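K.L.:
Sequence:
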Amino acid sequence: MRLLLATMMLARVATAFRTTTMNSARKSVSGQRAAFGTLQTSMNTRQPFLTSRQMSDTIEAETKEAPAEQQQGYQFAKVESKWQQYWEEHNTFATPDRRTTNEDGTVVRSDKEKKYVLDMFPYPSGAGLHVGHPEGYTGEQIGHSFCSFVVLVMPSGHIWNLYSLLRLPPAASDVMSRYWRMTNHDVLHPIGWDSFGLPAEQFAINTGTHPEVTTKKNIANFKRQLKMLGFSYDWDKEVATTDVEYVKWTQWIFLQLYKKGLAEQSEVSVNWCPALGTVLANEEVINGLSERGDHPVERLPLRQWVLKITEYADRLEAGLDGLDWPSGTMTAQEQWIGRSEGTEIDFKIEGLDDEKLTVFTTRADTLYGVTYVTLAPEHPLVSAITSEEQKSEVDEYVTSTSSRSDLDRTSAKEKTGVFTGGYAIHPLTNEKVPIWIGDYVLGSYGTGAVMAVPAHDERDFEFAQKFELDVKWVVEPKGDGELNKEEAFTEQGVNVNSGEFDGMKTNKAKKAITYWGEPIPIYFPVEFPDGVDASSVDPKADGCEHTIRYDQAIPVDEADLPLELPEMDDFSPGDDPAGCLARAKEWRYFQKDGSWFARETNTMPQWAGSCWYYFRFLDNKNSEQAFSPELDEDWMPVDLYVGGAEHAVLHLLYARFWHQVLYDLGYTKHPEPFQKLVHQGMILGTDGEKMSKSRGNVVNPDDVVDVHGADALRLYEMFMGPLEAVKPWQTSQVAGVVRFMNKLYNVVQAAVDNGDSVEMDDETTRILHKTMKKVTEDIESMSFNTAISAMMVLTNHLQGLKGNVPREAAEKLALMVSPFAPHIGEECWSLLGHGESLAYHPWVEFDEALCIDNTVKMGVQVNGKKKGEIEIPKDADQDGAMAEAMKQQSVTNFLEGKETKKIIYVPGRILNIVAK
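In mature numbering (1 follows the signal peptide of the UniProt record, and there is no 0), the protein residues as written are -16 to -1, 1 to 900.
Below, in silico cross-link-like pairs of lysine-lysine (DSSO-like), each with a Cα-Cα straight-line distance of 30 Å or less:
id : residue 1 : residue 2
1  : K98       : K211
2  : K201      : K221
3  : K98       : K653
4  : K232      : K524
5  : K882      : K871
6  : K850      : K882
7  : K62       : K786
8  : K450      : K375
9  : K841      : K882
10 : K851      : K871
11 : K244      : K232
12 : K96       : K653
13 : K456      : K375
14 : K399      : K375
15 : K524      : K569
16 : K232      : K605
17 : K211      : K200
18 : K397      : K375
19 : K232      : K221
20 : K469      : K416
Calculated directly from the structure, the hints in this document are not laboratory data.
All values reported here derive from a predicted model rather than from experimental measurement.
Whenever a hint applies, use it, and build me the whole structure from the sequences.
P.N.:
What follows is the structure, given as structure tokens:
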């Protein structure tokens, strides 16, 4: 019994994540400062949270007009260009070799810990970046679309475009990469392009521009913007899923899946839109019309390839143990990985002796409660079962539901259906049960038929109530519990009215999961009518009668990979769901050893490339292997994976499946690909809505960088609020971090002017060490907003020294700011006399003893009302506290003429004097 994983269900999980995120965002946008309410800036040991008012004060303080002398000196455009050129010329962020070979042939392994830092694969859309991209992926999910995308070598026909407009890599991963280099780690921080996608293909169809041209142009623009923002990627590791060598190894991985028996063909119903010439995802069909253009959509059967991911269901579930992932993502995966343990039951059909209805159920214990059977409208036996009297009504219902997507049907609150006029025979009682068709049953899910037990299934109960069908109770609560017959009883209990099964307890059942996809390095034999000599005919010729034997799939020889595309002028699929490659007859048909064959015209799903790209980054120049065992051992698994929560199930589940197959085949030593996963929040427009051109709320980073610089953009995005929070963009508040940068630059310039002549006083020393401690700990926990706030506090203190800035404090500040604002960090380091980049300079170290205050400030109350404040040693006794309090005139004035009756003293917290 084989189970399938329904993409529609997975998409609904992702949609739920997005909806929750957006709702949370709207609730949080109560004014420009709402996003900052949870920042931590206190450098005390307990590090309490700042209130939104306190955070607003911090922002306002940094945003106010600074004195003229603070605004001079730092020329961000010149500085940023300078250091970007330096990093490129010196290949500063090249991935280190973790193995070196001595002259005697011995291999020496690096003694450093490694950090593999990865952003979810970005799709290079034509629009380029907007400010929601640098912090994390913010783009739209176009859906699970099929398209004919002719780029380089990819066989084209249908691409299942599951998340084609992704979000660009975040600054968060760059902060961690820079920090880890400075903490003596070997760091791999690569970037590449998920470059197959619907937008380039649609542009090609509309304009005649080849998708390869569009894609390369988009990649060049994205690359320019990423370099402009100072991301420390190792560009020598760059890959694109459209690269010839990359496609070769994607196809090679499919062949391993095929040889392992994990890939097979299947026919499923899809949403075909003739006007758009493409298959649409369930989410792209609303009330039978395409979301884009409102074109009619019809359900058609289409041959596809299916990957049997459920054979790895137990492994996928067990593999979650030990991973450092968000709890919501773990739960989402667990919910869809729980493999069904159930039974297939056959129902005979009255009047059709040669046919039967097969249903799958996890509640075989309720079989005696079946009172009707419901078929999906697209079930192949509907027409044979339907009586003449019901034919007209059934045909009308099938037509109306065929234009609705699976998601539309299953999410509808009202159940609809029609009686077919046919009957099934109950396998235990031999009673006749009516056969209905209903839109809540899907042909693409399970067997497309359900045995309806309305007493113990909520959907069946609602359906039965609406159409006045019988309800038979066969399970009741255990013990003394009463059965409520006003609703379905779906809990476990004890069987009743079930013949020999009476008194038996209900067996546990799990949820089913399904999944499908479309790999393609396959071809098929071509047969001709009996008596026709294959050598005398050509299936490419119009009118040549032939049959493609899809039941005899043949894998392409690995030595013949990659399978390249034909050159085509017309990329549109036309009115045939088989796609444009079906028209490329010179490419599709070929002869081998005197026989004719036909290539598969379906293509890989777009997400196929993103299932294994983290491996190719290890070894992107290797033409003999997808990746070498040595590099797998040196760098895997990924230590930090940053991306959107909408990929909580589909991408992550599929990537883990492919990875575990490669693990079983011995190609990797690591059972899981991603050790730590972080979801960054979305950055909204100033109106609190998702950035989009249609809303007119998109902020282009080019514009922000032109005015304020790349470091200002990076700092502001990290300062806006917690990494995982959804935050509204406020351009006016960028000025706050600009003021901070100007102060920092001037503070460093003052230290340069002073040389080594200024000694650090005790207060400055303690503030510096508290800042180093907090920034270090906050980076480790990815609490970037509070780390930046701490550096603002330190900078303000140094500025208050009126030019007497110690060199050591300035150097430490330059090092700490560099992961967040690398250009100004490098420039300040250079001004302080250092000839080399600080990219690999050791990170700052703090003295724990200097992070603990020796004194404490506390309020002085008289009769419960605060009358003053004192600063005393932390271990001061009551007498010492009273002595200091009596120095406060506000206190002594209030006590004058009164007798002290009682003193309440809580060390370090409060001094309350009761007087009359």
